[in-house]
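Hey, can you work out the whole structure from these sequences and the hints?
According to mature numbering (1 follows the signal peptide of the UniProt record, and there is no 0), the sequence shown holds residues -25 to -1, 1 to 137 in order.
Just so you know, these hints were derived from the structure itself, not from any lab. For glycine and all other residues, C-beta sits at the position ideal for the given N, C-alpha and C. Be a bit skeptical, because a hint or two may be false.
Derived Cβ-Cβ restraints for the label pairs, each shown as a range [to be verified]: (1) Thr58 x Gly23: 29 to 37 Å; (2) Phe123 x Asn91: 34 to 42 Å; (3) Arg26 x Thr58: 15 to 23 Å; (4) Trp119 x Asp74: 31 to 39 Å.
Once the Cα atoms are required to be at most 20 Å apart in a straight line, the calculated DMTMM-like pairs of lysine to aspartate or glutamate come out as [what the hints assert, rightly or not]: (5) Lys86 x Asp134; (6) Lys86 x Glu53; (7) Lys86 x Glu45.
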Amino acid sequence: MTLTPRRLLAACAATLFAISGAVVAAAPAGAQPGVATMTSIRTGLNTGFDRIVLDMTGPPPQVTHRWTDELRADGSGEIVWLTGEHFLAVTTTPARAHDDNGNRTYPGPDKFRTRNLRNVMAVAVTGDYEGYVSIGLGTRNQSWVRVFTLTAPTRVVIDVGH
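In structure tokens:
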């Protein structure tokens, strides 16, 4: 049998299809490519602002933030009680704080005081739910906020003015 250009092209396409199918099949079950995974929370005092850093693996997530009257837990909607006069809710997506087996990847406490900072009094993990990781900050004053992501390694940075 001679291979015409059309048959050769069809054979190449079938081979590529079979190879790509094998690559997809080799991906681990439950893997979530493209989802940032939170591994730690760090805090630091800087001149003029407090900094909260969410260390993550994977690609940088999208981040939103807003001042709110009270912090609510993702999923349940229950109030999250946190030290502070004002509250900042920060949400990252797509993100998680657990692995494929449901084990926590953030080993720290769900709430902690930040005695080393001037404005931010406490931090709480308010959610790890359906592709969102939410963090709440309790502050003394409602000040300016700057939120951004960094890569290599992936981090979400939250700066709150004094």
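These are the hints, each one checked on the structure:
1. Thr58 x Gly23: 29 to 37 Å: 22 Å Cβ-Cβ, so the 29 to 37 Å window is violated.
2. Phe123 x Asn91: 34 to 42 Å: Violated, since Phe123 and Asn91 (Cβ atoms, about 22 Å apart) do not stay within the stated range.
3. Arg26 x Thr58: 15 to 23 Å: holds (18 Å)
4. Trp119 x Asp74: 31 to 39 Å: Because 35 Å falls inside the window, the suggested range holds.
5. Lys86 x Asp134: Holds, at roughly 18 Å.
6. Lys86 x Glu53: holds (15 Å)
7. Lys86 x Glu45: Between Lys86 and Glu45 the Cα gap is close to 15 Å, so the pair holds against 20 Å.
The structure fails hints 1, 2 (numbered hints given earlier, in ascending order).
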